[in-house]
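Protein chains in written order, with the UniProt record's numbering: chain A, 1 to 289; chain B, 1 to 289.
By construction, these hints were calculated from the structure, which means they are not laboratory data. One or more hints might be untrue.
[Stated by the list, open to error] Here are some chain B residues pointing at chain A (derived, C-beta under 10 Å):
1. V71
2. R95
3. E235
For clarity, every value in this text was computed on a predicted model and none was experimentally measured. Here a beta-carbon is modelled for each residue, glycine too, at the ideal position from N, C-alpha and C.
There are 2 protein chains.
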Amino acid sequence: MAQASSQVLPATIGDSEFDRDTAVTLREAGVYDAELSAGWTIIHAVNGGYLLALLGRALGDALPHPDPFTVSAHYLTPSVPGPAVIRTQVVRAGRTLSTGQASLFQYDESGAEVERIRVLASYGDLDALTDDVRTTAKPPAIPPLSHCIGATDAPDGSRPPIPGSSAITDRLMLKLDPTTLGWAVGAPSGKGEMRAWFGLADGRDADPFSLLLTVDALPPTSFELGLKGWTPTVELTTHIRCRPAPGPLRVSITTRNLAGGFLEEDAEVWDTADRLVAQSRQLARAPRG
Amino acid sequence: MAQASSQVLPATIGDSEFDRDTAVTLREAGVYDAELSAGWTIIHAVNGGYLLALLGRALGDALPHPDPFTVSAHYLTPSVPGPAVIRTQVVRAGRTLSTGQASLFQYDESGAEVERIRVLASYGDLDALTDDVRTTAKPPAIPPLSHCIGATDAPDGSRPPIPGSSAITDRLMLKLDPTTLGWAVGAPSGKGEMRAWFGLADGRDADPFSLLLTVDALPPTSFELGLKGWTPTVELTTHIRCRPAPGPLRVSITTRNLAGGFLEEDAEVWDTADRLVAQSRQLARAPRG
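Could you put the whole structure together from the sequences, leaning on the hints where they help?
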């Protein structure tokens, strides 16, 4: 949205930095080459949601159905910017759903493949779903976008205290609910909640693949729990429930159980039509802090 | 618990019907033979949680770590009682966590293997976790066990209206919160909630593998939403957060988003020490009803 509000025309689905940086090239049946962009890193790690979008696009090409319905990812080793290969397998091709597996590999010094992340996913056609909706869930209580706070207007006027986070920050329209931003000024709320308006900085609207980025793009709830440092994801499962309407998304992330050095993060993503478009849950290691 | 309350000594972990029916036999490196018992069927389908426990035990043997921390299962084809083979793969063996994959196959008329369910899982050692607990989640509000209602004392004096469900029902101590039992007497609450006390009928206490059964053992929340019929699981991911204390478990299942012919079911399992021992979420097809 940042650029959309300037003189530049907004990017479109299929023609945006996100689309270019998540492009996969068919090498041979089921095998795709990719280049992990340095533009989606937090600290020195490539964002897990960005990696999920890459894997999601490869499976969308390999499977007979186009849209991710449920994607389960187990993170194995940290990814770094640079070349990668995604190997996919069609596990089952059904009438309304198909299931596939994909692994993303990078290369060690000797050129041997090192597996970074493995995914099991079931795909379908979101446009073929019924209109039946009986949702009791309510959109997150978040102030208007204009009242929320982004990286360049942090409450103390500084950048948010995430060293090296600027790469991905520059590509996101991320406006945090001030009531979940205490951590940024050294006063965490103690509640495991994070809420934000989310978009891509170049104005590209959301689609099922960008939703895979959205569910893992906010600061970790552990910051509001007073824990500094990295919260590495062990496993992240995302349900895409409908095709998002154009415009900024509302994202809420909640942690209810921090125990034994691990925590869960539940994410909900709502679109401008007040529909719950994605639900995700991850298990992550809690920071020592 | 049913038998525990009679003259029979309660079964123990390792020596119970659940342990016998989830036993896997090493055929060759990473490959296990199993026999799916008809004792854990609902209608004509083998319960998905029972299948998960079988896969969990095979991975517990194949991986260097003993306990499932997070298990992601994608259900491919309906399982039937009878012989099965589980093929496992060690994806990554780390210091505190290891990740594995397992598939359960049965055989078609020609004897060819048909894949029923595929699992990605990360294992660790629950006994090695820190005691740090900062849980804001609260145990489910459920009446005392003596005020809840089981299969043999359904409100209208009949068996619950799940044809053919008696096989698994006889093996579970399942006492439902009367406020989530309206469906059993034709008066569903319209809320996507189901709560129950859970145990194994022979008194065997819970462990991480039986928790994989527990998260998928209650009647579907869709019954309380007024929808009759089958709610087949597409994907089910379970986090085991600590080793459960002895005694009956409290289980709450919640559905917040029934839309487009699919619904999510979130399960929480609490032990007698008031600890949140397991969290799960599944994506399932909503009944047409």
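Hint-by-hint comparison with the structure:
For V71 (chain B), the interface hint holds, since its Cβ comes within 10 Å of a Cβ in chain A; the closest pair sits about 9 Å apart. Given the 10 Å rule on beta carbons, the hint for R95 (chain B) is violated: about 12 Å separates it from the nearest Cβ of chain A. Annotation: interface hint on E235 (chain B) holds; nearest CB of chain A at approximately 4 Å, less than 10 Å.
In terms of the numbered hints stated before, the structure departs from hint 2 and from no other.
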